[in-house]
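J.: Kindly produce the complete structure, drawing on both the sequences and the hints.
Chains as they are written, first to last, in this note's numbering: chain F, 41 to 273; chain H, 1064 to 1582.
The hints are simulated quantities; they were obtained by calculation from the structure and are not laboratory data.
Note that the structure is a prediction, hence the values are computed from the model and not measured.
Glycine included, C-beta positions come from ideal geometry on N, C-alpha and C.
Computed beta-carbon distance windows for the label pairs:
hint, chain 1, residue 1, chain 2, residue 2, range
1, H, 1103, F, 256, 51 to 57 Å
2, F, 193, H, 1178, 19 to 25 Å
3, F, 183, H, 1177, 31 to 37 Å
4, H, 1129, F, 180, 18 to 24 Å
5, F, 180, H, 1169, 24 to 30 Å
Each computed SDA-like pair below joins lysine to any residue, with the alpha-carbon atoms no more than 25 Å apart:
hint, chain 1, residue 1, chain 2, residue 2
6, F, 141, H, 1170
7, F, 141, H, 1188
8, F, 141, H, 1134
9, F, 141, H, 1190
10, F, 141, H, 1143
11, F, 141, H, 1244
12, F, 141, F, 155
13, F, 141, H, 1189
14, H, 1432, H, 1480
15, H, 1532, H, 1419
16, F, 141, H, 1192
17, F, 141, H, 1165
18, F, 141, H, 1150
19, F, 141, H, 1285
20, F, 141, H, 1129
21, F, 141, H, 1122
22, F, 141, H, 1151
23, F, 141, H, 1284
Pulled a few chain F residues facing chain H out of the computed Cβ check, cut under 7 Å:
hint, residue
24, 127
25, 129
26, 131
27, 137
28, 140
29, 144
30, 192
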Amino acid sequence: MQPPSIRIMPVVHVVLFLLLTACSTLPDSGGWGRSGDQRAPVESRDGRSAPQVAAEEATRLAQGEAAIALTLARLEARPEHVLQPEQTGYYMDVQLATLRKRFVGVDVTLSREDGQLRLVLPESATFTSGSAELTGNAQGMLEGVAQVLAEYDKTLVVVEGHSDALGPAGFNQTLSEQRALAVARSLLSHGAVARRLVAVGYGADRPVASNDTDAGRARNRRVELLVRPVTAT
Amino acid sequence: MLQRRDKVVVVLLASALLGVLLLFSVLGWYLWRESVVAEEARLGDLAQRLGLQAESAIIDARDLLQALNESPFPRCSPEHVSLMQAETFARPHIRAIGFWRAAERLCGTGFAEGAALRPPQASRIYDDGMIAWWPGPDTTVGGIPLFLMRFGNHDMAIDPRQLLSTGPLSNQQVGLWVEGLPMTRIPTDAAVPAPDSLRPGLTVDRAGQQVSARFSLGTIFRIDIVAMQPLSEFWDRYLPTLVLAGLLGLLLAGLWVYVVLSFSRRHLSLTAELRNAIERREILVYYQPIVDLATGRCTGAEALARWSRANGDMVSPDVFVPMAEEAGMITELTLAVLELVLRDIGSLLRAHPAIAININLSPQDLESKRLLRALVSGLREAGLPASAIKLELTERALLDSDLPRRRINELRQLGHAVAIDDFGTGYSSLSYLESFELDILKIDKAFVDTIESHAVSSSVIGHVIEMAKSLQLDIVAEGIESQHQAAWLAAQGVRFGQGYHFSRPLAAEDFSRWLQSQA
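T.: Here you go:
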């Protein structure tokens, strides 16, 4: 069975990687300025055949992974961002505890998976419905996250935007990208270092609940922060 | 005779033994229970004290970390470091306090410069951001596994042994579990079982020679204390009590045996003494006159056996008559009384043919013909007619209807009058009595006592008299103590009476004298 997203809206199924380091406003802009170039063909793929779309899809996914890998490699090259392996467990435990201390009673899900931390910010706690505009509450919350990230600076943070599967896939894709970007920008504005951030829009590709119910769709509309330790190899 | 005596001895000894066994088992059970309860309470108090202490130390640690996070001093300034130092020194269980930035210990107390504990795996990360590492290899400093807590940017290393430091824990092994995870044990190499493997309270493991106690607290988080001590300790502690109690038990048992034996000896020797007294005719016979209520004239007397022991003690007939019956020598007693009556007042009876003496018979007396033969031969030797001796039977003697009926007939054929003693107190029905050939009914003193000093009297005695009259027998009222009673009974048609109102039981000479004075 094919992934539903391809069947519904083959053209605008896009995985966009925004390397915020590419922004001209940031000092550490690197070769990823090219990623902006890749946006143009993405938005004009109408009329292409399904195999072509799938191929581009695979390419973009690979590019996404590559973007994360490259950012990680760059961080690993800077000793001030690198953890000793034997300290990683302690580092991530304490970081999780510090985030929990920040988010007592707040609608944010914090969990550990494979030595990484995952923060799930549901749409309801972050954005006004259907837009990529952060609420005041979300700004405050992200300021707290940024402070923790500033203290625990030996990590890579992937900001993932996700949408539900209702409506045009292109719209969902764009919204998820814009939301990821909004969160990343907010973190930057609160002092996060750009070279540690990667923003990714996944559209409806990675649901965490069924899209058949309101409650499930509400859970799918979210931004996730994946905090990965940068460990010396 | 000897068989009966042996049986008594065996029964007595068995009861003595049973008493001793019972005493010991009850005492043993009670002491064991008391010991266990006392031990449980002792270990329980200890465990609760330790548990509360550990709990309050952990709560205090959290509050302290919070206070340090909120302290206004610039981080790692001299004020900040001395505050951490003051708090460290204020608590014996705190080994170190540190201020951290992420995984970098920037300043603090306790550990050597640059040293820090960074265990790779937290035991608990609480929702409020508190994080804890239970004592283990990763938290060990200088051979001591430490309990580590971090809240915000401050952490604290606690020596868990100090959470259990409660003075002398001689010979005991104690373990502390918090939230089901082992915190510490004393001594450090103690083989204390996990709390989940023990039931709450005290467990005595005889195979392992251990007493273990588990106590749990759950106010803030679950705290389990497991305390163990060798069984020998338990015995050492309670052995003096058990020995003392054992001695006390022995003393009590000895006392019990002494009581049983002395009672049996007294009883047995009393029986033997009674036998001697009967054989040697040391029984005394007293005579209580029976008078005609209408005329006041004496018509006879009831012969009553009295026994005065060699040491001068009077033994009541209520004691020695049942004793003689039990020992199977009541007939000896009856024959002795008969013999003494004929010997003591034979001449008096010959001089007063209207006087008859009543002799009490026991049911056993009717079983053989010895009494009959003794009566015949005795009276013949004394030259007295059979009418001189009347025989009193209790209603109880008539229960076995066959033999008594035959004997009564034989006695009456010889010419003796037969009286039923204690009429009305027994269980014979009127019609049953009617089936016997009897001459006299004696109304029990208990009924006579109910005759009040006033004219109105109990209906019970009236009824008893009516019953007696319906049998058309002579009636003798026993236990008359007043003129009023005598007059009332006479008015009711009772012909004869006996009692203190007329005379107390008299010795032979006194009876003789009393009789002369009547004439």
